[in-house]
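Two chains, two frames, a set of hints: combine them into the complex.
Listed below are the residues making up each chain.
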Amino acid sequence: MDQFGAATLALLVCMAMTLFRSIAGPTVFDRVLAVNSFGTKTVLLIAVYGFLTGRPDFLDLALVYALMNFIGTIAVMKFTRFGDLAGMEDDDEETL
Amino acid sequence: MIDVIHIVLFTFLAVIAIAIIRLRDLFAAVMLMGIFSLLSASLFTVMDAVDVAFTEAAVGAGVSTILMLATLSLTHSSESTRYARPRPMALVAVVLTGAALVYATFDMPRYGDPAAPIHHHVADHYIEDTDDEIGVPNMVTAILASYRGYDTWGETAVIFTACVGVMMLLGGARTFYRWRHREEDEPEEAGEAS
Chain A
1 MDQFGAATLA LLVCMAMTLF RSIAGPTVFD RVLAVNSFGT KTVLLIAVYG FLTGRPDFLD
61 LALVYALMNF IGTIAVMKFT RFGDLAGMED DDEETL
Chain B
1 MIDVIHIVLF TFLAVIAIAI IRLRDLFAAV MLMGIFSLLS ASLFTVMDAV DVAFTEAAVG
61 AGVSTILMLA TLSLTHSSES TRYARPRPMA LVAVVLTGAA LVYATFDMPR YGDPAAPIHH
121 HVADHYIEDT DDEIGVPNMV TAILASYRGY DTWGETAVIF TACVGVMMLL GGARTFYRWR
181 HREEDEPEEA GEAS
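Going down the list, the sequences are from chains A and B. Per UniProt numbering, the first sequence runs over residues 1 to 96. Per UniProt numbering, the second sequence runs over residues 1 to 194.
Just chain B, same shape as in the assembly (with noise of 0.2 Å):
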């Protein structure tokens, strides 16, 4: 039942993908994202990274299209169609470079496999002490903010600079169109008066 759930998720993902990529009109393009990010989200969910998929949620379902359809508002909302020729050596560059890629992932431990390296790394010591160095009941609220804390502490510096950036650029565009506008207005007010 499991694996029904994941191929059905997996091929909406890629039947929305494709369409992504067909479709000319921009506007309807931004919408099919919305659903690939909460397809995406689901499916972090259904493979119990949680942390993950609220992150894609907020970020992806919630403020990029909010930032792509303020991006369309500024430019045009179609596609400029360019019928390029088609180029066979790119076509067998990319499906070498998905085979390899598809080949590597056979070396990894299986899904979930508790042998796995990565769940042996540092996880048994995180597990056992956090209890005793931290001393916080959660022990991911416990990795990110103390054993890791220089590093969200650098995140959390990143996505606040990230943030102002984009809100002065998204209000400094208006404010420059208004100012623009006013400048149009004005010569024509100074002649009538005269």
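Only chain A is shown next, with the shape it has when bound in the complex (with noise of 0.2 Å):
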């Protein structure tokens, strides 16, 4: 168990880290790329906890937890981009 344990230290450091930068983070691809190892570490949190209570029995949760993460972060990259989250789409019907 101790290997599990130490594992789960390192990543709630790792998270506080994250969490500094998404707070403190003077531009917005700060915040972003913040947020996004957060869930990654919120994604290996779970995993590791799973077997650190001796019962993985919720890693499909952390998969779940990874595919939200991937839209949250398109749509937040979108709207940065676009400005709006249906941007990419208006462009096209213009230039048709």
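What the hints contain is simulated information worked out from the structure, not anything from laboratory work. Some hints could be false.
Stated by the list, open to error - In silico SDA-like cross-links for lysine to any residue, where the CA-CA straight-line distance does not exceed 25 Å:
(1) A:K78 <-> B:Y103
(2) A:K78 <-> B:L23
(3) A:K78 <-> B:V63
Claimed, not checked - Rough simulated footprint, nothing fancy, chain B against chain A, three-plus residues with beta-carbon under 8 Å:
(4) 10 to 21
(5) 27 to 39
(6) 45 to 57
(7) 72 to 82
Cβ atoms here follow ideal geometry from the backbone N, Cα and C, with glycine treated the same way.
Structural data, given as structure tokens:
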């Protein structure tokens, strides 16, 4: 169990650092990166926690988190690029 | 070790909540709210409420971030600063209410106590008789789909109605935007033609 405890502690420290960057981060991109890597740390934490408690039954929950994190990041990036979640489609219609 | 994880995660939650309140950039606040729901979902997982964690991850971190961003694209992304004078009476009221709520939790059974009333109200009946009465191997599925069938049906209808309403609101706003800009363009073309 010790190696999983150490991994959990390391993950918590990493989460604290990304949390600091997401709050203090001066630019939008610092925050986007911080939020994305915080989501990854959450996925890893749930996976490691399953092995720490000896019940790795909730690994599919970690998979769902990974998918959700991806969707959220895509939406945020699209908003930063186009200022609108439907910006890409409008551009296409104007060129047609 | 488990307690350490609980304490650290709850500390993160409190820090993010204060940061969301203090931030004036709404775009950053939306992203921090995504972190907030991811954190609360992992807390639900750590406390063995896996189905709640699933819902929180799907709705809180996934859909509501996108809905918030869609709202920001229709409005402004910075909060209008308006400095109100401090209200000590409001602070006292909030602190008193919080203290009363914390005091009320002392009356509740300990977290995870197997002798708590919530674990013996109807749970014993479900655990013993689900196999005979319903015949579904998964007990949670049997409760949701059969014992509480009408409840689940009503919830599904509510969620479907809310989905249709939100889609009509978002799609309707875009259609209106295009229609208004088309009307602005048309008089100029008519003027050039004449």
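Consistency of the hints with the structure:
1. A:K78 <-> B:Y103: violated, 46 Å
2. A:K78 <-> B:L23: With a Cα-Cα distance of about 22 Å, the restraint between A:K78 and B:L23 holds, given a limit of 25 Å.
3. A:K78 <-> B:V63: Roughly 15 Å between the alpha carbons, so the hint for A:K78 and B:V63 holds.
4. 10 to 21: holds (count 4)
5. 27 to 39: Coverage by chain B holds for the stretch 27 to 39 of chain A (6 residues, Cβ < 8 Å).
6. 45 to 57: holds (count 5)
7. 72 to 82: Since three or more residues must qualify, the claim that chain B covers the stretch 72 to 82 of chain A holds, with 4 doing so at under 8 Å.
This entry does not satisfy hint 1, going by the numbered hints stated previously; all others are met.
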